[in-house]
Amino acid sequence: MIRRFRALPLRSRLALLTATAVAAAVAAVAVACWLLARAQLRDELDTSLRNTGAPPDSIATALAACRAPDRAQTTERKAFAYIQVIGPDGTRCVTPYSEPVKVKPADIAVARGLKRDVLHGSRTDDGDEVRVHTLNDAPNGRGQVTVMVSRPLHEIDTALNRLALLLTFLAGAGVVAAGAAGLWVARTGLKPVDRLTDAVEHVARTEDLTVRIPVEGEDEIARLSRSFNQMTAALASSRDRQAQLVADAGHELRTPLTSLRTNIDLLVRSERTGRALPPDDRAALLASVKAQMSELAALIGDLQELSRPDSAAPGPARVVALHETARTALERARLRGPELRFEAELRPWYVRAEPAALERAVVNVLDNAVKFSPPHGLVEVGLDRGVLTVRDHGPGVPPEELPYVFERFWRSPSARALPGSGLGLSIVARTVRQAGGEVELRPAEGGGTVAVIRLPGAPTPPPEAPSVVPDERVDQP
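As numbered in mature numbering (1 follows the signal peptide of the UniProt record, and there is no 0), residues -23 to -1, 1 to 454 make up the sequence shown, in order.
It is possible that some hints are incorrect.
When the alpha-carbon atoms are kept at most 25 Å apart in a straight line, the in silico SDA-like pairs for lysine to any residue are as follows [claimed, not checked]:
1) K348 - R329
2) K168 - V192
3) K348 - L237
4) K79 - R15
5) K168 - A157
6) K168 - E178
7) K81 - R69
8) K267 - S236
9) K81 - N138
10) K168 - F146
11) K168 - I198
12) K267 - E316
13) K168 - L140
14) K81 - R15
15) K267 - E301
16) K92 - L22
17) K267 - D344
18) K79 - R93
19) K267 - I277
20) K168 - T145
21) K168 - L(-7)
Rather than coming from a laboratory, the hints here were simulated on the basis of the structure.
Can you build the whole structure from these sequences, using the hints too?
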């Protein structure tokens, strides 16, 4: 049964549940009304019995009928109330036109003077249900006699049966109306869900992520529709970025691969023809091949770094001494630009980040400064209260190109002749954002460019961090 119910469409289940709930409520109200009506009618009948006294002549007739049974009148015509007199031994004398009612122990207790009166249910000798009121009475001073006054319940039962039929009809009509209303409400209320279902099926069938669902109101359906629109927009953006990444990667890989293939073809042709290349040309060719291989390796590493989702952390975050990371990156930058001068003032600052990714980001910023610095130029590095600045004295970046410097594979037209993949600053921005910081590139006063990295942290290490390194100032001619 449960499986069949779950197999029904959602609107059918809602209509069925609504009809069931209404049926249960209507049934409960109908039963309560019927029970209340029965109790009220019986209370009124009991009040009527208490207020109905037996006429003295009826009692006398009943006593006379007991003395002369052969004169007893027939009971073909039934009276409004049945009256009979009982004795302490349970004997009874029935008045004319009355039905004889069975005597119960409670009635005998009244006849024996143990009780003043009793009110209870009983049956006639024919089996009809009656309501009985038994009490002691003293008609015309003849002494105490016990009289049973009974009223049949068939008149109440008839009214109750009619009420039950009426309530059943109303309950059935209410259930049918509730089912129809539930089906209408389900169809009306589930129209946004139908639109959402159609949209999801369309996306699954066509992979068209441009589908949007109209959002109306602020209810749960509207929130679901808004979330679906945001999801499809995010998926479309992710797919576009992925396609752009593949296209840009293919474009960037084509140049070093073409050059590498040309150089290898020259070496192979030299070997096949037996015409040895001059030693200087061969050494230059091999050096070019090695440089291109290094460029390819760096490009592939950058692509692997950027292939991870933006929400995924590159590794476990730890407390890192940013000043020590900057000092290590500075030593590497000195090796790549031995003819340059470096000035650094690094104050202690501790951040929470992934050590390798943070060092790589700082190295990328310093490499960018080394790349664009003029011969024998100066690179200034500073770290003060979580703000790391790297300034070069190169040609600088035009203001109209600054908004694009952190995009993947973007390279300034003036820098396309220089080595690089255009991914370095993109990796820097990604790493800094994951550490909760900010990065920007802006023109420096007097020429050149300054890169600014702001990272939240503290000047003193937490208990698990390494000891503080004193302020350092580096000057290299």
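Right, here's what the structure says about each hint:
This hinted pair does not check out: K348 and R329 have alpha carbons roughly 29 Å apart, beyond 25 Å. At roughly 12 Å between alpha-carbon atoms, K168 and V192 fall within 25 Å of each other, so this suggested pair holds. Under the criterion of a C-alpha separation no larger than 25 Å, the hint pairing K348 with L237 is consistent with the structure, at around 23 Å. With a CA separation close to 23 Å, the supplied pair K79 and R15 stays within the 25 Å bound.
The straight-line distance between the Cα atoms of K168 and A157 is roughly 17 Å, inside the 25 Å bound, and the hint therefore holds. Restraint check for K168 and E178: the C-alpha separation of about 15 Å stays at or below 25 Å, so the hint holds. Between K81 and R69, the direct Cα distance comes to roughly 11 Å. Compliance with the 25 Å bound is thereby established for this hinted pair. A C-alpha spacing of about 11 Å is found between K267 and S236, which places the hinted pair at or below 25 Å, so the restraint holds.
Between the alpha carbons of K81 and N138 the distance comes to roughly 28 Å, so the proposed pair goes past 25 Å and is violated. This hinted pair does not check out: K168 and F146 have alpha carbons roughly 33 Å apart, beyond 25 Å. Taken as a hint, the K168 and I198 pair is honoured in the structure, with Cα atoms around 10 Å apart against an allowance of 25 Å. Restraint check for K267 and E316: satisfied, since their Cα atoms lie roughly 23 Å apart, inside the 25 Å limit.
Distance hint between K168 and L140 is unfulfilled; the C-alpha atoms sit about 41 Å from each other, more than 25 Å. Between K81 and R15, the direct Cα distance comes to roughly 24 Å. Compliance with the 25 Å bound is thereby established for this hinted pair. Our distance criterion of 25 Å between C-alpha atoms is broken by K267 and E301, whose separation comes to about 32 Å. The straight-line distance between the Cα atoms of K92 and L22 is roughly 21 Å, inside the 25 Å bound, and the hint therefore holds.
Simply put, K267 and D344 have alpha-carbon atoms about 19 Å apart, close enough for the 25 Å limit, and the pair holds. Taken as a hint, the K79 and R93 pair is honoured in the structure, with Cα atoms around 19 Å apart against an allowance of 25 Å. In summary, the hint linking K267 to I277 is supported, as the alpha carbons are separated by about 15 Å, within the 25 Å threshold. Annotation: proposed proximity of K168 to T145 is violated, straight-line Cα distance about 34 Å (limit 25 Å).
Taking the CA atoms of K168 and L(-7), the gap is about 19 Å. The hint holds against a cut of 25 Å.
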